[in-house]
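Asker: Listed below, chain by chain, are the residues.
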Amino acid sequence: MGQEKGYLALVLHAHLPFIKHPEYPDFLEEDWFYEAMVETYIPLLNVFEKLTEEGCDFRLTMSLTPPLCNMMEDPLLIERFRHYLNQRVELSGKEIERTRGTEFEGVAQMYFDKFRRYQDLFENRYHGHVLQGFKKFQDMGKLEIITCCATHGYLPLMVHKESVNAQIKIAAHDYRSRFGKNPRGIWLAECAYNPGDDKFLRDEGIRFFFTETHGILHGTPRPKYGVYAPVYCPETGVAAFARDMESAQQVWSADSGYPGDHRYREFYRDLGYDLDYDYIKPYLHSDGVRRNIGMKYHKITGKVALNQKQAYNPWEARDVAAEHAGNFMFNRQKQIEYLSTIIDRKPLVVSMYDAELYGHWWYEGIDFLEFLFKKIYYDQNEIKLVTPMEYLQIYPENQVVQPSMSSWGDKGYHDVWLNSGNDWIYRHLIKSTERMMDLANRFPNAQGLLCRALNQLARELVLMQSSDWAFLMTTGTAKEYSTKRTKDHIKRFNELYEQIIGNRIDEGYVYNLEMRDSIFQQMDYNVYSTANKEAVLAKY
Amino acid sequence: MAQNLSSGSLLKPLVRDRQTEADIPSGYGKTESYLLPKDPAWMFLFWEITQSTFEFIKSQYGEAVLNAARTIIRLHDVTDVALFNGTNSVKYYDMPVLFEARSWYINAPESGRAYIADLGYLTDDGRFILVTRSNATTLPPGHISNIIDDKWMIVEGDFQKLLKLSGADYIGLGASELMQVVGQRWKLTELTPSGAPTSWSSFTLHLDKVQEEDIWLNADCEIIIYGSASKNAIVSINGKDIELKDGKFTIHRHLSAGDIVDLPIHARNATGDKTRHINIKALREQGK
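Protein sequence lines correspond, in order, to chains V and G.
According to this note's numbering, the stretch in the first sequence is residues 570 to 1109, in order.
According to this note's numbering, the stretch in the second sequence is residues 434 to 721, in order.
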């Protein structure tokens, strides 16, 4: 142990549902991936590259969920992203000319420089495979990449524990194939933890996971250190780390949250709406409807109408990000100093965020992280950045506490994923799981087309289980798409199921699904087999 | 987009989903029920009962007995029951239900307990006829544990400070929820009441025992409005037309402190010359 008074673990959860539509020449919802690539994932890699070149050490824990990894490695999506990025470079180049001599020339230049830099990284350093970038920093010991439930499935609402088991096993297998080692940690989708699910983590060699604050605060027995130290689950010894609310609020809060600063970039004023239609049309979707294209020239300004927003000043905004990083660090120092007077070990503050908050929603969030890493490394020695595993090496002895069922959703439990707007899905999710288990048991050694059909059946099941669909149905954004996706996977599952039990598998149908729902190329349906295992459904 | 990107590496053209494709099935032809946890106070039960199950029960007990019986959910508290046999639960609670509803939100009598829900008939003479039994579900406690671990002691005052610092006041305000409101320019939604107590004045140093507590109160409220209407009726709640499923509807609404809810329910026929009205009002006062 060094001079530090306490530890800070920064955790980013990077996730998008698996969205790929090869059956359409372009598809609106695929943009979520392209936007996140150019606004969050590649900019983060850019920060890691810069820090490493400068010799500034850093630690970050980051989930890269299996659907995201699958999309990052999908040839069609890589091609389409390449096109998306080329278009941004092209448009921002034109914009330098158009804005010359106006108040927007600085921001236009910023976009051009950034897009060019990201294109350079994407093409020349990672050769189209950004996972290689993330892996590089993991191998350097700076980044701890953790996995997530296979398709971000919501574990506490899975009645059949075989489904929990499959979500974890498929994810761990996918992780090994990409990163060449066992995942040491996992981000449970939505931080949704159900007591006992840690058993499935242990079986895959996973050592830690994260919970919402009350996952530990409401644990049994009372957690001595609150959320400022991890606890071990009884029997399995898997460590649970809980979210610190103070640092969460600092970023998220309405009154004091950093991203609301009036000098930061305004998300809702976008060139897709501002520019002449004929000029912008080539950069819109093929339907020609004006939408956000991800280039924005205005700052938040204040509580004024969108047309009253002032020009964005990138240098001013970057200074604010530095100021906020300094404030964040100062507050962690004070927090850790105060906590040290209460608890008899060096406190750990776990700050967890959605990765896409940084860059996509909060444009300057990437700069904020860069400054934060630098300030922590160069300007002080009271707090030290650690990964969960590093903390467990420093303090291998921790209290045994059974964490409470919890999630990080609204109201802290399952309401977001189980309410009158989406509860209809569980009838199908549960039935499909049962049918999957049944077929896995009936056909233990399937070969050829039957094997392909069973593997595809498993893909349809896990895609159906993505918590994103239920979430989007609740929030009302993309409700139509998420409802359709759920129904599509249910339909495809049932059709395929009927074909398999009717011994009339249509190769064309299987092929069609394999191309479209192409997640987990190495799927093995036997993960659902319960042969030689006791059935774990809590049913009497 | 300028180019067609779909042809890429694919060998055969892919089929798009036909819009006319049949919708998903409403059931799977098997009598069964499942119980899911929602939060410390609520569970969701859904079921399917086939015609042959109804006929079998009818043949066993006779139509007259069933017609006179009430249909109920019998919710068993099976906490620490190793193997539930239908009668050895800690307690049970009966609640009326319509089998046709096919799903129901159940308000749990106690948080932190394990439950199994039986669906069945309660006959005139008090017999229970089981139709289907759910899986078991354990609900979270929803509050801070009273159990203290002697190896990991902390003085009460310090634990209070830690709780506050840990963000006990923010419990339930999840990031995903916050993510939604990012779009509304960082306006936080209303805080839900905290699940954490604020003091334990009677804390003592007896180890491994349940501590005597100061009192605390934690309550939240959700109202369920449900009903049915004739097939030719158009039903609106608070001016908004709602979709009827098999002639039935259910609406859930969270009530925050200080909420006054006025939910007029109207039914009308297609021409609008026949109407029916039921008015529902609810008020949740601020806590004191």
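Errors might be hidden in some of the hints.
[Unchecked claim] Subject to a maximum C-alpha distance of 20 Å in a straight line, what follows is the list of computed EDC-like cross-link-like pairs (lysine to aspartate or glutamate): (1) G/Lys597 - V/Asp913; (2) V/Lys705 - V/Glu959; (3) G/Lys463 - V/Asp1075; (4) V/Lys1053 - V/Glu592; (5) V/Lys1056 - G/Asp674; (6) G/Lys597 - V/Glu906; (7) V/Lys878 - V/Glu815; (8) V/Lys944 - V/Glu892; (9) G/Lys463 - V/Glu642; (10) V/Lys1053 - G/Glu676; (11) V/Lys663 - V/Asp682; (12) G/Lys678 - V/Glu1049; (13) G/Lys584 - V/Glu835; (14) G/Lys463 - V/Glu892; (15) V/Lys574 - G/Asp591; (16) V/Lys850 - V/Glu598; (17) G/Lys594 - V/Asp847; (18) V/Lys903 - V/Glu835; (19) V/Lys683 - V/Glu618; (20) V/Lys1048 - G/Glu676; (21) G/Lys584 - V/Glu804; (22) G/Lys463 - V/Glu1067; (23) V/Lys1048 - G/Asp674.
Derived from the structure by calculation, the hints contain no laboratory data.
Asker: Failing hints, ascending?
Answerer: 3, 5, 7, 9, 13, 14, 17 and 18
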